[in-house]
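Taken in sequence, the protein lines are chains A and B. The working numbering applies: residue 823 is where the first sequence begins, and numbers increase by one. The working numbering applies: residue 823 is where the second sequence begins, and numbers increase by one.
Since the hints were derived computationally from the structure, they do not count as laboratory data. Be aware that a few hints might be false.
Treat identical chains as interchangeable: a pair holds within one or across any two.
Stated by the list, open to error - Here are the computed lysine-lysine pairs in the DSS-like style, where the Cα-Cα straight-line distance is at most 25 Å:
| id | residue 1 | residue 2 |
| --- | --- | --- |
| 1 | K850 | K1077 |
| 2 | K850 | K882 |
| 3 | K1077 | K918 |
| 4 | K1077 | K920 |
| 5 | K850 | K918 |
| 6 | K897 | K850 |
Protein chains: 2
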Amino acid sequence: MTDEELPELARGLALAWGVAASPQRGPKREMSVERIVDAAIEIADGEGLSAVSMAAVASKLGFTPMSLYRYVSAKDDLLLLMQEQVTGVPPESVRKAKGWRARLRTLFEAQVRIYLRHSWVVTLPITGAPITPSSSAWLEAGLKALSDTPLTHEERLAVVLSITGDARWYGTVLTGYASQSRASGLTADEVTAQEASLYDRLITADQFPSLREAIDAGVFLSESDPFRFTIERLLDGVESYIAGLEAGAPHEAAKTWLQP
Amino acid sequence: MTDEELPELARGLALAWGVAASPQRGPKREMSVERIVDAAIEIADGEGLSAVSMAAVASKLGFTPMSLYRYVSAKDDLLLLMQEQVTGVPPESVRKAKGWRARLRTLFEAQVRIYLRHSWVVTLPITGAPITPSSSAWLEAGLKALSDTPLTHEERLAVVLSITGDARWYGTVLTGYASQSRASGLTADEVTAQEASLYDRLITADQFPSLREAIDAGVFLSESDPFRFTIERLLDGVESYIAGLEAGAPHEAAKTWLQP
DNA sequence: TCCCTTCTGTGTATTGAGTAAACTGTTTAT
DNA sequence: ATAAACAGTTTACTCAATACACAGAAGGGA
């Protein structure tokens, strides 16, 4: 199959879906898209996304920067493929979980783990809904988890979208700490401590009474995971909504999009 | 007050808190941090964050690029101040709302509106928890909304954090559409239509049955707002959790952070 | 077989970003 | 008045991404 059959498909997407044409003649290829992507991921994992330059990737493989352009048409392509690679497909554990709630929770945790392992993923620019094999697989898994519920298709999508957002947010917040930790050369605990001290100096009980109270209660030094608390609250809410539907309640009226 | 009293405070943060030293001697300043930030915001609003270069900002003000460095120590500083400026403080409507639920909903909507008006904000890199006046004010408003509830301080922070994340996610998703729309020169509807057609071609009922079903149900062409659905489910969950506490239920056991 | 086309990886050059350093001229404190 | 402190400019350097042209390698057709 050549990419001529999918004319509007961007080169990056074509590669992601594995429908890019491969040449017949000319010298043997010494590299491959896979090796390039893997090298780039290794750099990003170790030194952050900003360390991923075409030159750095090429040099890691022992080639010149320009040679990469035979395989990926632009850096954006490479970034998309990196994302695709580390995201992969949902693990078995999601399907094995019993009931929609456990499945969604597992899905959430699996996504979070990806973001924790490859924190640069959440810093990639979002360009629309990139319709890739892996994003489709995750979406499929989420929708499937809810397929036995009385939720409408729109409601199911909303829940899955929200869980993905929560996982991303989890990753985003932790990535912030990690990047600051790397930038300053301090450990995570030291960053937390430094931050707590900053708060102490800048947040007055006068201007920010509730925040001050929370600081004094030690919330910024806490060991408990706030994200896992709220994901349970979300699932609680979905559960009681489903219970309502099963008891004969109508679906909530659709709300329109917020306007600026 | 000079910034000597806050030695570890980064220049950008010092500016944000308004505690940077202002010089006594030398020629009159022709620019100001405010004008620079405003010019940068105007560019970002109109042409996206990538159009914000030191040169572009300077030229908009009629100066040379290097002159900006008298006011902001680096581009990162400028970005932080831009974020600070557009975020501002929560509107009156948040405080005026009755009850924690309405307040949090209003807070959510206010944040979303900021992200819709200035979609580049969600694309800014997150560096730890930037402790700025505006982020503190929003946090304060959220915690205050929950101050009459039996939630622990940690639980309150978790809820507020989650709502902020949801608002950001809302902005992120819509920004993706907007940026794609600008990049391709198509209208939002055309992007949606093009995306729907891509889905149609690539998503087979074979590989992605639930997703296929959702597509056929038209979820990607729907006019209803999925984010406002799930934020209500989250609030439902918090509400029933609070009701449980008031009925004597214990607090949920703290969960540890997920490990990669 | 030979040559021509197609492809590979390389070298070089261009463009545009951020910013360091040195410079010119201006204002204010002493 | 003079020196110190400052404002904005000039110039130059670094590091990205990537366009373009090339020399050589592999296969197809004569």
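Verification of the supplied hints:
Taking the shortest alpha-carbon separations for K850 and K1077, neither the intra-copy value of 57 Å nor the inter-copy value of 53 Å comes in at or below 25 Å. For the identical chains of this complex, K850 and K882 are intra-copy neighbours only, at 20 Å inside a copy versus 51 Å across copies, given an alpha-carbon limit of 25 Å. In this assembly of identical chains, the alpha carbons of K1077 and K918 lie at most 25 Å apart only when taken from different copies (22 Å versus 34 Å within one copy). Proximity of K1077 to K920 under the C-alpha cut-off of 25 Å is restricted to the inter-copy arrangement: shortest distance 21 Å between copies versus 32 Å within a copy.
For the homomeric pair K850 and K918, neither the shortest alpha-carbon distance inside one copy (43 Å) nor that between copies (70 Å) is at most 25 Å. Taking identical chains as interchangeable, the C-alpha atoms of K897 and K850 lie at most 25 Å apart only when both belong to the same chain, with a minimum of 23 Å there against 45 Å between chains.
Checked against the numbered hints above, the structure breaks hints 1 and 5 and satisfies the rest.
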